[in-house]
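*Asks:* One-letter residues, chain by chain:
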Amino acid sequence: MISRVEVQETNSMIREMNLDVRTITMGISLMDCAHEDMNVFNRNIYDKITRTAENLVKTGEDLEKQFGVPIVNKRISVTPISIAAGGLKTDTFVPVAEALDRAAKEVGVNFIGGFSALVQKGFTNGDRVLIDSIPEALAVTERVCSSVNVGSSRNGINMDAVKKMGDIILRTAERTADRGSIGCAKLVVFCNAVEDNPFMAGAFHGVGEQECVINVGVSGPGVVKRALEEVKGKDFETLCETIKRTAFKVTRVGQLVAQEASKRLGVPFGIIDLSLAPTPEIGDSIAEIFQVMGLEEAGAPGTTAALAILNDNVKKGGVMASSYVGGLSGAFIPVSEDHGMIEAVQRGALTLEKLEAMTCVCSVGLDMIAIPGNTSAATISGIIADESAIGMVNNKTTAVRIIPVIGKDVGEVVEFGGLLGYAPIMPVNAFNCAPFIERGGRIPAPIHSFKN
Amino acid sequence: MTRPRWRESYIKEELGLKGIITVLGKDKVGIIAKVCTYLADHNVNILDISQTIIQGYFNMMMIVDISSPTKSFETLVEELQELGRSIGVEIKLQHEDIFNTMHRI
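Chains as they are written, first to last, in the working numbering: chain B, 1 to 452; chain V, 1 to 105.
Same shape as in the complex, but just chain B (with noise of 0.2 Å):
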């Protein structure tokens, strides 16, 4: 019999420490969409996806009634656009993008992912299109995301496809200039890109994956804060402790909502992502969890330690909560979604270099940074290249999602609004390193990946 005190836990939990259920991410192939005619593969791609997700939407509503947990976001990860639409005979890709913005908006979810190309060794002719088409799709959408992947722990890094980005970033940066350089925000450069992953900007349905699938994102900060207000002082064995029975209870409520969606929609359960993701609200930060554990602000000495720690148990408190865990899974540290991130910012305990260190032990990567508008692309392609050297030796996912906000400079405030947030500029270290990024080619595999 199910106890009083287990349902006041529960309730709370959802009541007052924002529990919820991030996403409910639907991938989708469109394999089998492919045609030389844009007109027709963008009618394929827009009647597969309406069709296939038509209940998307509204069963996650009838689950967040069923349980009374909020599902927050219900989004849609495609096939890489740059491999679905590869027969396509054209030199640009965007009405591919607007044809998939049409389907998101139709059927109600509020992002669609896979406006992609994985380029981790080279580029065929879609992945070029895909990437030259990048700044005007994000510019005349509203829903879709986009990524590249330049490196893997296997291949090595791309730095040809490392330069284009600085430079495709920072045009996407200046044809969106009106709205605070928005369309940055919707576009991810991994290394090491995992294919189940159910949260955007990054998600895209890998070509390992089966026809349709059901991930599921579940969250928590709030819950992990406030579990550990209660052991302050206490030594690592309890701290550690305390967020492994944490996340074990966040991640079941997740187990169940993919579950039953995966059953109502007819469609086999993924994974998991056991990420902690924080929103602008106050009690759902990351950076609150830190200042638990005992430090003044994130960015703090010891706060490598602290997210290293946070991280491992959520993933240890997780695993045994689920069947099947995959996707990103770790902490996200995007400052602009997280308001105790912008606070150590702005009292300047929180650097770009700091959060470089902090993304060797987390998920994922610079994640939602503005920088100054006048950054030049040789210096994004550096940040992109150091990324994707942490995330190829340590064999792990890194990631940048970096805003050079056109017309901004360090000490202004740039709004994205809703889940995105709103971020202080961030200074860039300047020193040129323009020869090194001019270099182009590849950086070879890690020796490490000779595994075989």
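Read the hints as simulated data drawn from the structure, not as lab findings. Glycine included, every Cβ here is placed at the ideal spot set by N, Cα and C. Certain hints may be false.
Claimed, not checked - Have a look at the derived ranges for each label pair, beta carbon to beta carbon:
#1 V/Glu82 <-> B/Lys105: 22 to 32 Å
#2 V/Glu82 <-> B/Ser12: 19 to 29 Å
#3 V/Tyr38 <-> B/Lys105: 32 to 42 Å
Position chain V against the provided structure of chain B, taking the given hints into account.
*Replies:* Frame of chain B; chain V shown alone:
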């Protein structure tokens, strides 16, 4: 959109058959009466009920049988919420599985 029939039968077969109702708010006359009347009107049987009043705040938990209600579960959730609003308390109906899953292995 009409609910596909397989879904109704699926919910009954695969999920447990119990719902948990929690009522939170300032104590006043007739809260239980109103909730119970609503449940009786919709063929929802009360299996267990417990309540406490701490510093004037009413806190009730009910376990109810939802195997054959006259309306869909989602509608019951909405109407109970609405009923709560009309009498100034928070009424929540949830499927028992969220608690089972979170607290039992």
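*Asks:* All the hints need checking, so say for each whether the structure fits it.
*Replies:* Evaluated hints:
Range check, glutamate 82 of chain V to lysine 105 of chain B: about 30 Å between beta-carbon atoms, so the 22 to 32 Å window is met. At about 23 Å, the CB distance of glutamate 82 of chain V to serine 12 of chain B agrees with the hint of 19 to 29 Å. At roughly 38 Å, the beta carbons of tyrosine 38 of chain V and lysine 105 of chain B sit within the given window of 32 to 42 Å.
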